[in-house]
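Trainee: Knowing the structure of chain A, use the given hints to seat chain B on it.
Protein chains: 2
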Amino acid sequence: MSEGEEMLIVQKYGGTSVADLEKIRNVARRVARYRDEGHDLVVVVSAMAGETDRLLSLAHEITPEPSPRELDMLVSTGEQVTASLLAITLQTMGYPAEALLGYQIPILTNELFTRARIQDIKTERLKAILSQGKVAVVAGFQGVTENGDITTLGRGGSDTTAVALAAALKADLCEIFTDVEGVYTADPRIVAKARKIPKLSYEEMLELASAGAKVLEIRAVEFAMVYKVPIHVRSTFSEAPGTIITEEDEDMEKVLVSGVTYNRNEARISLYGVPDVPGVAAKIFSPIAERGILVDMIIQTARTDGKADLTFTVPRTNLREALKIIEEVAREIGAERVEGDENIAKVSIVGAGMRTHSGVASKMFETLAKHGVNIMMISTSEIKVSCVIEEKYTELAVRALHEAFGLDIPPEEEK
Amino acid sequence: MSEGEEMLIVQKYGGTSVADLEKIRNVARRVARYRDEGHDLVVVVSAMAGETDRLLSLAHEITPEPSPRELDMLVSTGEQVTASLLAITLQTMGYPAEALLGYQIPILTNELFTRARIQDIKTERLKAILSQGKVAVVAGFQGVTENGDITTLGRGGSDTTAVALAAALKADLCEIFTDVEGVYTADPRIVAKARKIPKLSYEEMLELASAGAKVLEIRAVEFAMVYKVPIHVRSTFSEAPGTIITEEDEDMEKVLVSGVTYNRNEARISLYGVPDVPGVAAKIFSPIAERGILVDMIIQTARTDGKADLTFTVPRTNLREALKIIEEVAREIGAERVEGDENIAKVSIVGAGMRTHSGVASKMFETLAKHGVNIMMISTSEIKVSCVIEEKYTELAVRALHEAFGLDIPPEEEK
Chain A
0 MSEGEEMLIV QKYGGTSVAD LEKIRNVARR VARYRDEGHD LVVVVSAMAG
50 ETDRLLSLAH EITPEPSPRE LDMLVSTGEQ VTASLLAITL QTMGYPAEAL
100 LGYQIPILTN ELFTRARIQD IKTERLKAIL SQGKVAVVAG FQGVTENGDI
150 TTLGRGGSDT TAVALAAALK ADLCEIFTDV EGVYTADPRI VAKARKIPKL
200 SYEEMLELAS AGAKVLEIRA VEFAMVYKVP IHVRSTFSEA PGTIITEEDE
250 DMEKVLVSGV TYNRNEARIS LYGVPDVPGV AAKIFSPIAE RGILVDMIIQ
300 TARTDGKADL TFTVPRTNLR EALKIIEEVA REIGAERVEG DENIAKVSIV
350 GAGMRTHSGV ASKMFETLAK HGVNIMMIST SEIKVSCVIE EKYTELAVRA
400 LHEAFGLDIP PEEEK
Chain B
0 MSEGEEMLIV QKYGGTSVAD LEKIRNVARR VARYRDEGHD LVVVVSAMAG
50 ETDRLLSLAH EITPEPSPRE LDMLVSTGEQ VTASLLAITL QTMGYPAEAL
100 LGYQIPILTN ELFTRARIQD IKTERLKAIL SQGKVAVVAG FQGVTENGDI
150 TTLGRGGSDT TAVALAAALK ADLCEIFTDV EGVYTADPRI VAKARKIPKL
200 SYEEMLELAS AGAKVLEIRA VEFAMVYKVP IHVRSTFSEA PGTIITEEDE
250 DMEKVLVSGV TYNRNEARIS LYGVPDVPGV AAKIFSPIAE RGILVDMIIQ
300 TARTDGKADL TFTVPRTNLR EALKIIEEVA REIGAERVEG DENIAKVSIV
350 GAGMRTHSGV ASKMFETLAK HGVNIMMIST SEIKVSCVIE EKYTELAVRA
400 LHEAFGLDIP PEEEK
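Same order as they appear, the protein sequences are chains A and B.
Quick note on numbering that gives the first Met the number 0: the first sequence kicks off at 0 and runs consecutively.
Quick note on numbering that gives the first Met the number 0: the second sequence kicks off at 0 and runs consecutively.
These are computed hints drawn from the structure, not numbers from a lab.
Heads up, a few of these hints could be off.
Chain copies aren't distinguished; within one or between two, either way the pair holds.
[Stated by the list, open to error] With a Cα cut of at most 25 Å, we get these calculated DMTMM-like pairs of lysine to aspartate or glutamate: (1) 323 x 308; (2) 126 x 145; (3) 133 x 365; (4) 22 x 60; (5) 133 x 64; (6) 22 x 216; (7) 198 x 180; (8) 121 x 110; (9) 22 x 52; (10) 323 x 35; (11) 195 x 275; (12) 362 x 180; (13) 323 x 180; (14) 133 x 110; (15) 133 x 60.
If we strip away everything but chain A, and leave its shape as in the complex, we get:
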């Protein structure tokens, strides 16, 4: 935030930032400071920490599969409560504020309850509130269908609400306040020397998020990228600047690797001795896709006997179901053997600099080899390299890569 400039800012405060009335008061104090500086503010809030889970478990105590429409009506109360309480707190402090629900703005979505997509946001009411000098406090995570039914945007949906509002309002900045200080070069619980990354491109953040970094929801980043909304991820509990996520610039290209991430939520399925004939891949993956199971990485290895070995990863929670399907397919197509493995991890390095620098991937492989970590699978994108390894090596691999790519050492330009 540049000094003295009056901006329109959308802020989002997560569940831990509004966990109780004292924390809500802290949020209100911060909002008040921004108002004192002359900024217009739209504040998006999550449910108080634990509340969404409490509501979900009430519904799931009734049935494992509650109707999505009523489930959304139920869980959306969490954000409704926080928005009301924050608005009341602001008013009490002498800062006019108005709480708004998804249907009141409205934030129009499709009818995919529990994971609705935003289709349109009307900005008239928000703009009217801002022009009256009020803070607009918006219940995150929720939208409304044309029919007036409440929808929710899926886990982490409040991030999406904030970014979407920032896009619709053409805000100068979208600040995501959370319980960590920003995006780190690696998980600080694993790498003691992990550092906060000052600046990332949307693409890097997308790759980091899909590779396991949990700071920001992928959909929110996608939205920000499409509408070019600058995001500032920072801590509710400190004044330190966090991580700015914005369009790629020259500075970024200088950084070879921005961060190292890991993901332990996947499992591996291997199918040995697959007849190497056309159409066999479809036979294997169609029934998996039909069940809505997301396949992440796929490797096919041709053998000398004209057959092939096929290995792929699925979310760990879907392993059992996927194995059942694959065992049936294996019998059908005459494959030799099926194997499932939960004890894997995916370690990734992400950096915009990879576009212009070669040798990053091979340096990753060498580093892992040097530490005795066997690589089972590899996948790459323009700005990311991921390796599937044995789960027990996760911490070792993350630390080794963090050091190897010079992330332990603070760059000179940081004070």
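Mentor: Chain B alone, transformed into the frame defined by chain A:
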């Protein structure tokens, strides 16, 4: 409910009836039984017992005077949660259901947040749901302004929601399910021989409610009276018939006194030696009214010295404030002395039969005198007599009147 006849019924379940998931399941079972009998059902629910108070206390922890608009947004989540959970429970039991909020119907109100008045109810969506063979589960207590803001109807507002929906839908019956079996001849905690009243007129119920009976909200009864909605007040926890509240009929006129009630929430203020000149009453009561303090009973006694003594009652919670005002007025008009008394109670007898029978009031006074209970103030309506007495005599007076008017003895027509 007559056997075999298919009806449109609006049911309302109070907070204790939906206090937890097991109780919600019980409600769902009852609703299912009505559906099996072929009735169309609109079910209005309150917040789970304790939830409204929990939400209110959150807001009041922030400030003693939270903004009414945000307060309504906050507390309305209580009913939203119950409506969702009941709809999910019904669906799980195989009974199609749809939960609806005030704004979705919509139930249009004025903008008097926290005590809004219903102005219009659209019935198209409700009728569509019913015609699809679904149960409409409605969040009680809440409405919406033209502007789309959530309002609430004041304490006990779910009763009003139910009666108003019954009126709008021209329902055959409005059943109010609560934690007592109906309206009693007296508070069963005080009078062991108190009996359930099988039938009451709207007027009697109104007088009973305003005299202290807490079973039904006054506004709901007024609504029912205007739109001639028959109400059945009964217990969620039993199958016993409760109390039917309907238009006055011949049977009712035979009953001299239907019930005895008491109210310990008032306080008395006496102003002695008031100069008996025109305009003095206005000088006394205008500043009280300006503060929104409701004066219930007023007695003025002329003295031989040309002055007068004035006694009136106010809600006990307003006594201190009212005394302060009156002491100032007393100085101004030159009254002799002001006295406040919290230790009073109002005991009332109510009965449609009073219209055609004389001597009811004098029998009440005699009964109280016989038991040594001094009467401080008296007020009467067509079908009610109220006496203010010392609070310590409350139970004695209620029991004595219950016996004196023959309410201890079950009438012959009851089985």
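Trainee: Compare the structure with each hint and give your call.
Mentor: These are the hints, each one checked on the structure:
no., hint, verdict
1, 323 x 308, "within (18 Å within a copy, 91 Å between copies)"
2, 126 x 145, "both (21 Å within a copy, 19 Å between copies)"
3, 133 x 365, "neither (57 Å within a copy, 64 Å between copies)"
4, 22 x 60, "between (30 Å within a copy, 13 Å between copies)"
5, 133 x 64, "between (41 Å within a copy, 19 Å between copies)"
6, 22 x 216, "within (23 Å within a copy, 38 Å between copies)"
7, 198 x 180, "within (13 Å within a copy, 67 Å between copies)"
8, 121 x 110, "both (18 Å within a copy, 23 Å between copies)"
9, 22 x 52, "both (19 Å within a copy, 21 Å between copies)"
10, 323 x 35, "neither (61 Å within a copy, 41 Å between copies)"
11, 195 x 275, "neither (47 Å within a copy, 82 Å between copies)"
12, 362 x 180, "neither (29 Å within a copy, 79 Å between copies)"
13, 323 x 180, "neither (43 Å within a copy, 55 Å between copies)"
14, 133 x 110, "between (31 Å within a copy, 20 Å between copies)"
15, 133 x 60, "between (41 Å within a copy, 23 Å between copies)"
Going down the numbered hints, you'll see the structure goes against 3, 10, 11, 12 and 13, while the others check out.
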